[in-house]
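So the chains spell out like this:
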Amino acid sequence: MTGEVLAFSLFSAMAVGGAGLALFHRSAIHSAFALLASFLGVAGLYLNLGADFLAVTQVLLYAGGILVLYLFGLMLVPPEGEAPRPGRRALALVLAAAPVAIFLIAFLARSSWGDPSRLPEPEGTVRGIGLALLTPDGWLVPFEYASILLLAALVGAVHLARRSAPKDDSP
Amino acid sequence: MSALDSLLWLMPEAILALGACVVLAWDLVFKKARPWESGAVGLTCLAGASFFLFQRLGWGEADVLGMVRVDFHGTLFQLAVALSAAAALILEMADRHPPGREGRTETVFLLMAGVLGAFFLLGTWNLMMLYLGFEGLGLAVYALVAVRKWEKDSAEAGVKALVYGALSSGLMLYGISLLYGLGGSLDLREIGLETARVLASGHVVEVAVPFLLLLAGFGFKLAFLPFHFWAPDVYQGSSTPVLSFLAVASKVAGAAAFLRVLAGWLAAGLDGGLGEVLAPTIWILAAIAAATMLLGSLAALKQKNLHRLLGWSSVAQGGFFLIGVALLGRYGFEAASAYLLVYGLTMIGIVAAAFFLSRKSGGLQLRTLRGLGRTHPWVGVSLVILLASLVGLPPTAGFFAKWLLLVRAWEGGLGWLVMVAGLSTILTLVYALRLARPLFLESETDRPSGSNLWPVQALVVGAAAGVVALFHFTPVLDLARKSVESLRFF
Amino acid sequence: MRTGGWHGWSQTLADAIKLLTKEDILPSGADPVLFRLAPALVMGSALAMFAVLPFAPGIQFADLDLGIYFLLAIASLTTIGVIMAGWGSNNKWSLYGAMRGAAQAASYEIPLALSLIPPILHFGTFSLLNATEQQSGWGGMGWYVFSDAFWVAIPSFFLFLTASLAENRRAPFDLPESESELVAGFHTEYSGLRFAFFFLEEYAAMFATSAVATAYWLGGWNFPGMTLLAEGSAWLPWLGALAFLLKAMFLVCVMIWVRWTLPRLRIDQVMTLGWKYLTPLALGLMVAAAGWEAWRAMP
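Top to bottom, those sequences are chains A, B and C. Per the working numbering, residue 1 is the first one in the first sequence, and the count goes up by one each step. Per the working numbering, residue 1001 is the first one in the second sequence, and the count goes up by one each step. Per the working numbering, residue 2001 is the first one in the third sequence, and the count goes up by one each step.
It is possible that some hints are incorrect.
[Claimed, not checked] Sample of chain A residues with no beta-carbon within 10 Å of chain C, all distances over it, derived:
| id | residue |
| --- | --- |
| 1 | G3 |
| 2 | L10 |
| 3 | A19 |
| 4 | R26 |
| 5 | L45 |
| 6 | G65 |
| 7 | L67 |
| 8 | V68 |
| 9 | R89 |
| 10 | L91 |
| 11 | L133 |
| 12 | L140 |
[What the hints assert, rightly or not] Derived DSSO-like pairs: lysine-lysine, alpha-carbon spacing no greater than 30 Å straight-line:
| id | chain 1 | residue 1 | chain 2 | residue 2 |
| --- | --- | --- | --- | --- |
| 13 | C | K2276 | B | K1149 |
| 14 | C | K2092 | B | K1031 |
| 15 | B | K1032 | C | K2276 |
It should be emphasised that the hints constitute simulated quantities derived from the structure, not laboratory data. It should be emphasised that the depicted structure is a prediction, and the values quoted were computed from it without experimental measurement. By construction, the Cβ of each residue, glycine as well, lies at the ideal position given by its N, Cα and C atoms.
With the hints as extra help, turn the sequences into a complete structure.
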């Protein structure tokens, strides 16, 4: 039990600390690298919950895919130096966000989310996830629909990104 | 249910999914395809899907493949979405500006993908499916808004839609995860039962937080106050066919799904005599409705751009719809559903008329419309009728739709909301007049007559005729009643 | 073959000592944190890949259920190390190298992962150990490339090798370092042990990907004649490990051989090859493999 608590503390510190650093660091590139810590921390939390497939997917997709694209994009943007030191505006934002944070913490502290033992024991095997995704009475429809959703996103992105065709294209 | 049966039940979705892929491949295979051909393919698919949806209306209810829910409410609004998307497609095919094929196939494909998303958004009790549909519709809309990327307005609108939309769907996803924690299931009906239990034991905050988060998600989609600010800019930046999709298909789908979510989630609580606990919900929704109506119609008064005017108007109409929702009861939902159907039909016609007039005048400013009602009397008169329906004047369906909403609100003890709605209706009348007046003034310049755009004219006239015919309101009321019944609200 | 004794055997040792004792330079304009972190990240991820390799019966650090999936995820972290090094060096050559590395890795990860799907479908497992054990038939020659699905196995094998060359930034895909134009690409500014880490990472990753190819396509530790050994023979782990290392080293040699044979591609050629040829090919192979395995599994 203590090992689990220790791992949880470590990983959540990584996740929250990385996210905080990403938010508050003045250089965009450093923020992006701080996200790596955050992603790995979240992956660790998944692992702690027995969701091994999810944890590895988190690393593969977020750290290996999305973060690389972020960094690539950041390097294409001409450097503008570091962001100015947070001034009064930031203070105002923090003051505005603080009540929300306090509310959420208080809410989490006083709420009863039911009995955790009611939840099924995590199995986290690939086989289980594969069967759940691809059996007709499981998640087949959302799984297949998600592919069309991604196709739509892809078509939109490609259309926006590619150079305009020459104007004399009309028949 | 065997796999083959399931496929039969899901025929509309299957046709759309396959048709979207055909559209995508069409230009690759037929290199010499004309610009409108992919649109024709899309229209054919929408017609096929609508045919099967029409059949499905009579097939009763079923849970298909575990996730998809077929019932009257879902199928009815899916049909509405399919038809309004077909209207948007007709506008897109008639659009000769800019010439050439760039972005056309993409527009048709994205429209169809958006409709498919709306189908799944409307036809499920499962929050995962619902979210995917919500996101699918949203993604299609973001891309559609920005599809004319060479125009500055369009690109700006695309970025705005994307940023606000992503924020809203993130908030909604957070709410869904809280609901999953609350109910231990993704099925809204089961979550509803658990919610009633939690509420009965006096834990209100646990339900209030996910409620507010879901409200934020749907609020962005439907442009309620205080989540409305993207609407005018996005409407202004999108092309008229896309505006038609945004203002009708996307809005109707989001609104009907909102009804379903509230019905499934809170029905058990309302049933179990927890009306008192849910009273603040009614107040929140009513306040939002009032503010949305007022602000939308006030802001519409000052607009000079046709698209912006339509954007604010659609915000205001969303406020009227919310009156029915705020009543959180069977009669309120019926009135809201009926209003939604009439709003859809009216708005299809108005946007089509706006498309026609702006193509004839060559601009989107109100002042450029001068005299067009004289030169094109069919469209001019039809537009006046449609605007009357938007305001809620007899003899149009809009009159009864609005009347029903106000009566239900009065009966529900929301007298002040009726007052606000009345005021807002007067404002609506003023901006409708501002839109209609220049049409019948003398034009200062002679305009060359271009293509006759007969499909668009037919669409406008057809919508106007429909609005007048539905002054005989019973069929609409029947549909609304049956659809709310199929949600098993009480 | 004059330096370092007989066939230069001590050259490697001398090189290692040289790298260890060289001055560790931190360029004055560099980002101290990122510059120092990058080699550690790269080296750590390369070493973590070895955790799931099944060298021989009983010789494996961890038989994860997720084996190859884990390995792919860890391998993708290397790219971030490369970008970190390129950015942290504050040198334009390094930055160019890092950007090429990012573009290349993001593009070739897709055919790389897809080319693994045919063997995964064939064996029905992510676990490299399990896949190896399933190839012990035919007296140790039941390798995937000799199975009834050989017509999918052989193209996917070559696809995997090609994509992993690009993923490991080996010639002809070594644009991130391309010494003729970018000095040394993303590790231009590195010296001493930190440079050695990048150097070692490249070879470690080459070995790891070769080992994966061995385990999935070339039968892992299975070798012809292994059935002649008695059950539970003490020789089996040794001979198995030898067979595994021989196969993997052969593939490493192929990679080095390719390096000295083919000229470097241009970046646009790299992208074209990845997106327009390898990815569709990988998708096609995936569909073919899925169809074949489904047909085979039919009652």
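Do the hints match the structure? See the list:
| no. | hint | in the structure |
| --- | --- | --- |
| 1 | G3 | holds (18 Å) |
| 2 | L10 | holds (17 Å) |
| 3 | A19 | holds (17 Å) |
| 4 | R26 | holds (13 Å) |
| 5 | L45 | holds (16 Å) |
| 6 | G65 | violated (7 Å) |
| 7 | L67 | violated (6 Å) |
| 8 | V68 | violated (5 Å) |
| 9 | R89 | holds (27 Å) |
| 10 | L91 | holds (27 Å) |
| 11 | L133 | holds (15 Å) |
| 12 | L140 | holds (16 Å) |
| 13 | C/K2276 / B/K1149 | holds (25 Å) |
| 14 | C/K2092 / B/K1031 | violated (44 Å) |
| 15 | B/K1032 / C/K2276 | holds (23 Å) |
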